[in-house]
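Asks: Read top to bottom, the protein sequences are chains A and B. Heads up: the first sequence at position 127 corresponds to 283 in the numbering used here, and the numbers run straight through without jumps. Heads up: the second sequence at position 286 corresponds to 297 in the numbering used here, and the numbers run straight through without jumps.
Just so you know, these hints were derived from the structure itself, not from any lab. Treat the hints with care, as some may be off.
Said to hold, decoys possible - In the DSSO-like style, the derived pairs of lysine-lysine whose C-alpha atoms are separated by at most 27 angstroms in a straight line are:
#1 K248/B x K278/A
#2 K248/A x K271/A
#3 K267/B x K197/B
#4 K197/B x K338/B
#5 K76/B x K304/B
#6 K218/B x K120/B
#7 K196/A x K235/A
#8 K198/B x K92/B
#9 K76/B x K92/B
#10 K263/A x K415/B
#11 K271/A x K382/B
#12 K332/B x K382/B
#13 K332/B x K304/B
#14 K198/B x K185/A
#15 K198/B x K196/A
#16 K415/B x K196/A
#17 K278/A x K415/B
#18 K196/A x K332/B
What the hints assert, rightly or not - According to the in silico footprint, chain A covers these stretches of chain B (three or more CB under 8 angstroms from chain A):
#19 348-354
#20 377-385
Note that the coordinates shown come from a computational prediction; the quantities given were computed from them, not determined experimentally. Glycine residues also receive a C-beta, built at the ideal position from the N, C-alpha and C atoms.
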Amino acid sequence: MIQDLYQELIIDHGTHPRNFCVLENANGKAEGFNPLCGDKVQLYLKIENQKIEKASFTGAGCAISMASASLMTEALIGKTTQEALVLSALFKSLLTIDSAESAELGKLLALAGVKSFPARVKCATLAWHTLQAAIHCNIQTVSTELINS
Amino acid sequence: MRIEAIRSEFPILQTQIHNHPLIYLDNAATTQKPQCVLDALNHYYTAINANVHRSVYYLSEAATKAFEEARQSVQHFINAKEARECIFVKGTTEAINLVAHSFGEHFLKKGDEILISAMEHHSNIVPWQLLCQRKELKLQVIPINEQGELELENLELYFNKKTKLLAIIHASNALGTLNPIADIIKKAHAHNIPVLVDGAQSAAHLKIDVQALDCDFFTFSGHKTYGPTGIGVLYGKSHWLEAMPPYQGGGDMILKVSFDHTTYNEIPFKFEAGTPAIAEAIALGRALEYLQKLDWAFISQHEARLLQYATEALSSIPRLKIIGQAKEKIGVISFTLEGIHPHDIGSITDQFGIAIRTGHHCAMPIMDFFKIPATTRVSFGIYNTCEEIDQLIKALDEVRRLFKLY
Numbered sequence: 157m158i159q160d161l162y163q164e165l166i167i168d169h170g171t172h173p174r175n176f177c178v179l180e181n182a183n184g185k186a187e188g189f190n191p192l193c194g195d196k197v198q199l200y201l202k203i204e205n206q207k208i209e210k211a212s213f214t215g216a217g218c219a220i221s222m223a224s225a226s227l228m229t230e231a232l233i234g235k236t237t238q239e240a241l242v243l244s245a246l247f248k249s250l251l252t253i254d255s256a257e258s259a260e261l262g263k264l265l266a267l268a269g270v271k272s273f274p275a276r277v278k279c280a281t282l283a284w285h286t287l288q289a290a291i292h293c294n295i296q297t298v299s300t301e302l303i304n305s
Numbered sequence: 012m013r014i015e016a017i018r019s020e021f022p023i024l025q026t027q028i029h030n031h032p033l034i035y036l037d038n039a040a041t042t043q044k045p046q047c048v049l050d051a052l053n054h055y056y057t058a059i060n061a062n063v064h065r066s067v068y069y070l071s072e073a074a075t076k077a078f079e080e081a082r083q084s085v086q087h088f089i090n091a092k093e094a095r096e097c098i099f100v101k102g103t104t105e106a107i108n109l110v111a112h113s114f115g116e117h118f119l120k121k122g123d124e125i126l127i128s129a130m131e132h133h134s135n136i137v138p139w140q141l142l143c144q145r146k147e148l149k150l151q152v153i154p155i156n157e158q159g160e161l162e163l164e165n166l167e168l169y170f171n172k173k174t175k176l177l178a179i180i181h182a183s184n185a186l187g188t189l190n191p192i193a194d195i196i197k198k199a200h201a202h203n204i205p206v207l208v209d210g211a212q213s214a215a216h217l218k219i220d221v222q223a224l225d226c227d228f229f230t231f232s233g234h235k236t237y238g239p240t241g242i243g244v245l246y247g248k249s250h251w252l253e254a255m256p257p258y259q260g261g262g263d264m265i266l267k268v269s270f271d272h273t274t275y276n277e278i279p280f281k282f283e284a285g286t287p288a289i290a291e292a293i294a295l296g297r298a299l300e301y302l303q304k305l306d307w308a309f310i311s312q313h314e315a316r317l318l319q320y321a322t323e324a325l326s327s328i329p330r331l332k333i334i335g336q337a338k339e340k341i342g343v344i345s346f347t348l349e350g351i352h353p354h355d356i357g358s359i360t361d362q363f364g365i366a367i368r369t370g371h372h373c374a375m376p377i378m379d380f381f382k383i384p385a386t387t388r389v390s391f392g393i394y395n396t397c398e399e400i401d402q403l404i405k406a407l408d409e410v411r412r413l414f415k416l417y
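Based on the provided sequences and hints, a complete structural model is requested.
Replies: Structure, rendered in structure tokens:
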């Protein structure tokens, strides 16, 4: 059913995304791009002592990719980078494996319907791939700083 | 009714998608196949399967005869002077790559220029870019305007002594624009510039006469002309093809091979190394005969009516913008719906059994020009009806309702 894909929450976040801005002092940044459909996400994280204090994004894409990024930034704030990576793995399982609906995903469960639309899974996972890159970028920056000092 | 009779010849149109009858509006990507084409594929494998041009036994002769008759069907379809000017390739992409390699490597030298347009499909951009890198050539681009038409007023400014080839799209897959190709060819020839016409989007929709056009090369794909995938045609004037070196080496393209020297076969075989797509070529011949039997006046009238009907219906939807408003168009309409991404539109209309294309249509420079990431595209074939367009409009209403645009 198409309503399973386009739930109220998805349409809401897809057309009015939250945390949709550039984060000036971000120390974890990455850009995600899906060349097949042109969807773009720039992700910004402010990480202090391995904890995500702030998360925001900019970009352009379909309602699924924008809603996924919006809901993701909401879920990330307050989590450690380790917890964020665990959540990322849980989310990807949600879209690829049957009965992988972990309660920890909370509002993100609204995206479970994407699983029935294989052509759209990449839209939903774009922000999450970008998240991994942003965390990696932060770790690399931190380690470079350590080496430099 | 004539359209009903045509529809009954395409078995796939009986398919139900998500409990709705299939409404296929992605004919610019590929067309569906009539029963006679499916029968031709089946007949080759069940009755005359053998390799061509090789053996003396009955089956091989039957296969060779059918294969060469298909070449004659191609010749008649585009009104080539000789069948040997029609080379079987995989499709338009391979045809252009063949010319880029063979013509490009042989005739072009450092500093020469190749002219294309801002309206090209990636397959008429990238082969030339690769050639430019290999041979240090320059790629020049004829611009387009806001209507999605070529800017032809200053066309002659792009012609100079270094311009060695104009490679140009006949009809745009992303905008629907039908270019005044005969006029462009005449102007290029006045400067002794040969012209390659990418006919992927035109061959199934209007009568092609390569002698009247006087183009040097013409390319099209079988699967966009109601034939199979994996087969297409490169037409080239014989004097070019004879002067060009082979594109690939192998069997069938040689007359004599020793370890010192190889004598190449004559055209078209010089450009058909290896066992060709025999069944597909035969079935393509059948598809082209089928199209010609429908007659061009009927096809162009029917598709022009669909274009007009759909343009009017889509234009009445608030916040819908048609991208590509050229005066002369084929049955292709690209549009954006403010606030809704094309992929969301495509997923929702799919639930109503409607197949439409969403994305950049392998023409990213066009998307950049209009500053949009993607469009939704409907494109018509001989079996489409105004009732199907009504269903599309209803489905788009549903999209807008779901996205709260009412």
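Asks: State for each hint whether it applies.
Replies: Against the structure, the hints come out as follows:
1. Between K248/B and K278/A the alpha-carbon distance is near 46 angstroms, which puts this suggested pair outside the 27 angstroms criterion.
2. Under the criterion of a C-alpha separation no larger than 27 angstroms, the hint pairing K248/A with K271/A is consistent with the structure, at around 10 angstroms.
3. Annotation: proposed proximity of K267/B to K197/B is violated, straight-line Cα distance about 40 angstroms (limit 27 angstroms).
4. With a C-alpha separation of about 21 angstroms, the suggested pairing of K197/B with K338/B holds against the 27 angstroms cut-off.
5. As the CA atoms of K76/B and K304/B are separated by approximately 22 angstroms, the hinted pair is consistent with the 27 angstroms bound.
6. With a C-alpha separation of about 36 angstroms, the suggested pair K218/B and K120/B falls outside the 27 angstroms cut-off, and the hint is violated.
7. At most 27 angstroms may separate the alpha-carbon atoms for a hinted pair to count; K196/A and K235/A meet this at roughly 24 angstroms.
8. With a C-alpha separation of about 22 angstroms, the suggested pairing of K198/B with K92/B holds against the 27 angstroms cut-off.
9. At roughly 20 angstroms between alpha-carbon atoms, K76/B and K92/B fall within 27 angstroms of each other, so this suggested pair holds.
10. A C-alpha spacing of about 21 angstroms is found between K263/A and K415/B, which places the hinted pair at or below 27 angstroms, so the restraint holds.
11. Proximity of K271/A to K382/B is assessed by CA-CA distance (about 31 angstroms); at most 27 angstroms being required, the pair is judged violated.
12. For the hint linking K332/B to K382/B, the alpha-carbon distance of about 13 angstroms falls within 27 angstroms, and the restraint holds.
13. For the given pair, K332/B sits about 37 angstroms from K304/B by alpha-carbon distance, which is inconsistent with the 27 angstroms threshold.
14. Proposed proximity of K198/B and K185/A is contradicted: the alpha carbons are some 52 angstroms apart, above 27 angstroms.
15. Among the hinted pairs, K198/B with K196/A is inconsistent with the structure: their alpha-carbon atoms are about 42 angstroms apart, more than 27 angstroms.
16. Only pairs whose Cα atoms come within 27 angstroms are accepted, and K415/B paired with K196/A is accepted, the gap being roughly 24 angstroms.
17. For the hint pairing K278/A with K415/B, the CA-to-CA distance comes to about 25 angstroms; that is within 27 angstroms, so the pair holds.
18. Between K196/A and K332/B the CA atoms are separated by roughly 22 angstroms; this keeps the pair inside 27 angstroms, and the hint holds.
19. Counting residues of the segment 348-354 of chain B whose CB lies closer than 8 angstroms to any CB of chain A gives 5, so the stated coverage by that chain holds, three being the minimum.
20. Under a criterion of three residues with beta carbons nearer than 8 angstroms to beta carbons of chain A, the stated coverage of the segment 377-385 of chain B is upheld, 3 such residues being counted.
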